[in-house]
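Participant: What follows is the residue order along each chain.
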Amino acid sequence: MVKKYFSIQYLFILIPIIFVLIVMSLYLQSDLAINKSKQEIYNIEKNRSSKLSSKILKIINEETSSDLNRLFLNNAIRDRVEKLLAMYVSQEFKYIYIVYIDKKGFYRYLLDATFGADRGEFGQKFSPMLSELWKNVIVSKKPAYSSKQDAFGLWATHLTPIVEQNKVKAIIALDISTTEYTKFSKILSPFDSFLKILIIVSIIIIFTIFLLTYLFYKLQKQSIIDPLTKLYNRLYLNSVGKHIKLQKTAIMMLDIDYFKKVNDSYGHDAGDVVLASVAKKILIATRLDDKVIRYGGEEFLILIKYKNNKNEIVEIAKRIKESISKEKIRVDKDLSIQVTISIGVNINTDKNKGLSDAIKTADNMLYLAKNNGRNRIEINL
Amino acid sequence: MKIILIVFFLILSLHSKDVSELKVEILSAISHSLMHKDKINIYVDDPTLSKNKNKNIKLSFVEYKNADIVFTSDVNIVKSLDNKAIVFATTYYAYAHLPHAVGAFFWQKGRPNIIFSEKRLKELSIKLPNKFDKYIE
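The listed protein sequences derive, respectively, from chains G and L. For the working numbering, count along the first sequence from 1 and bump the result up by 113. For the working numbering, count along the second sequence from 1 and bump the result up by 406.
Where hints are given, some of them may not hold.
Unchecked claim - To give an idea of the interface, some chain L residues facing chain G are shown, with a C-beta separation under 8 Å as derived from the structure:
#1 498
#2 515
#3 517
#4 519
#5 521
#6 524
Unchecked claim - Okay, derived cross-link-like pairs now, EDC-like style, lysine to aspartate or glutamate, Cα gap no bigger than 20 Å in a straight line:
#7 G:217 with L:539
#8 G:394 with G:440
#9 L:540 with G:215
#10 L:515 with G:288
As the list claims (entries may be wrong) - Cβ-Cβ distance ranges computed for the label pairs, FRET-style:
#11 G:244 with L:530: 46 to 54 Å
#12 G:147 with L:539: 40 to 48 Å
#13 L:531 with G:200: 46 to 54 Å
#14 L:445 with G:312: 51 to 59 Å
#15 G:244 with L:482: 36 to 44 Å
None of these hints come from the bench; they were simulated from the model. Keep in mind it's a predicted model, so treat the numbers as computed, not measured. Think of the CB as a built atom: it goes at the ideal place given N, C-alpha and C, for glycine as much as any other residue.
Isolated chain G (complex conformation):
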């Protein structure tokens, strides 16, 4: 019964743990999917801006006959290119502009296809936010792309160098803004929140189950332990009784001799000290596998497991008897009490019909020990 109960307990704990693991794996997978989609959007934007930059470069080459100086010197060409580039300005490609580097190393607008207040004038100084990115383009003479994600969307800058005579003469800059990722995130957001809440709730449930199980076992342990002697009580014997294999268990009944006199002469407090002390001595004299039970007032029962050698049972009984009788029990600094113990041992439990019968036999042996003068061991050989 106890074993069955244990397995149900494990199941109760195991199910929520598996549930949490599944939810966590779902959450991680959704997170991976979001990151993957972010990467996809990043790649799409990068490809789009790269293609647009190539188109712009082509337009500039066509309009200037591959001589960028024309853009510097001829207002009409600059206006025409600006108008052509303005056709590509959109919600996505927010700003399209070309910047050159002056003799002092300052960036300045060559042309700007942007409308309104954001438009930079020809020759106007330009302060890049990602100055390292710009420097890299000049040094490497290769395009560069940088993006960042915030609550409003994906912001990116694509830079393409215009190289003439192996020197970067100007840089085509595209400032990109897309809300695709934000839209995607918003769609997934409720699912993501749901999973997060589910994980938190599951963890709370697991914690509660652990706590309840711990409290249950604590209470259960308290209910089967005698508070005075810290030994098992009869409730424990009742719960394990059905599982005891009598063929391999001897039963020992012990009773403190003349305990009533102790109580009557020195009071119940002294009696309690004697009981606790005897219990402790019994525990020391027995083995870890032996179950010591406070059976009645001053009566103890020991379940002793053995393999083949029944002599070891007798040895244990002798050890207990000697440990109790060899020295007085100190109640307080003025009072020490000498007690002895009578023991009845049933080592032929396999001949009994059941536990009650086996206990009865042990009890009869105890009765015999009492009748034969106490402070002795009687065994049903």
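Fit chain L to the supplied structure of chain G, relying on the hints for placement.
Facilitator: Below, chain L alone, put in the same frame as chain G:
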């Protein structure tokens, strides 16, 4: 949906607050680079900036007539100043066309732009701290 909208507007308001705080900080840096005064009276043609509550900013937002530095692109205001205050333009166009503008501070393409005119700084005998060198043209 309602919650998403509220959060969105909250983020938006926080964002706008950040930008205006940043603008005031830049105004303060520019003002203190131009004048060696503990508390400088400035006028800005953007009234939202004068609501700044940052105690670390040692600026007083006043009417342009009482200002030490005027941040404006309004030609009429500049004319009425009669050279009594330092003029700082708030658009590149105004900077290019206002002969008195020492520099310009404006927001373009979502980023701050600061320009100081070397020529006009010399005319007014203003020496900027070295950290502003990259803004001088």
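Participant: Evaluate each hint against the coordinates.
Facilitator: Right, here's what the structure says about each hint:
Annotation: interface hint on residue 498 of chain L holds; nearest CB of chain G at approximately 5 Å, less than 8 Å. Among the interface hints, the one on residue 515 of chain L holds; its C-beta lies about 5 Å from the nearest C-beta in chain G, closer than the 8 Å criterion. Residue-level restraint check for residue 517 of chain L holds (minimum Cβ-Cβ distance to chain G is 5 Å; threshold 8 Å). Interface hint status for residue 519 of chain L: upheld, as the beta-carbon distance to the closest one in chain G is roughly 5 Å, under 8 Å.
Below 8 Å, beta-carbon pairs count as interface contacts, and residue 521 of chain L has one with chain G at about 6 Å; its hint therefore holds. Using the Cβ-Cβ criterion of 8 Å, the hint placing residue 524 of chain L at the interface with chain G is not satisfied: the shortest such distance is roughly 11 Å. About 12 Å separates the Cα atoms of residue 217 of chain G and residue 539 of chain L, which keeps this hinted pair within 20 Å; it holds. A threshold of 20 Å between alpha carbons decides the hint, and for residue 394 of chain G with residue 440 of chain G the separation of about 11 Å falls inside it, so the pair holds.
Between the alpha carbons of residue 540 of chain L and residue 215 of chain G the distance comes to roughly 13 Å, so the proposed pair stays at or under 20 Å and holds. Taken as a hint, the residue 515 of chain L and residue 288 of chain G pair is honoured in the structure, with Cα atoms around 9 Å apart against an allowance of 20 Å. Taking 46 to 54 Å as the suggested C-beta distance range, the pair residue 244 of chain G and residue 530 of chain L does not conform, at roughly 29 Å. Range check, residue 147 of chain G to residue 539 of chain L: Cβ separation about 44 Å, and the 40 to 48 Å hint holds.
The supplied range of 46 to 54 Å is met by residue 531 of chain L and residue 200 of chain G, whose beta-carbon atoms lie about 49 Å from each other. Judged by the Cβ atoms, the range 51 to 59 Å given for residue 445 of chain L and residue 312 of chain G holds: they are separated by roughly 54 Å. Residue 244 of chain G and residue 482 of chain L have their C-beta atoms about 37 Å apart, which keeps the hinted 36 to 44 Å range intact.
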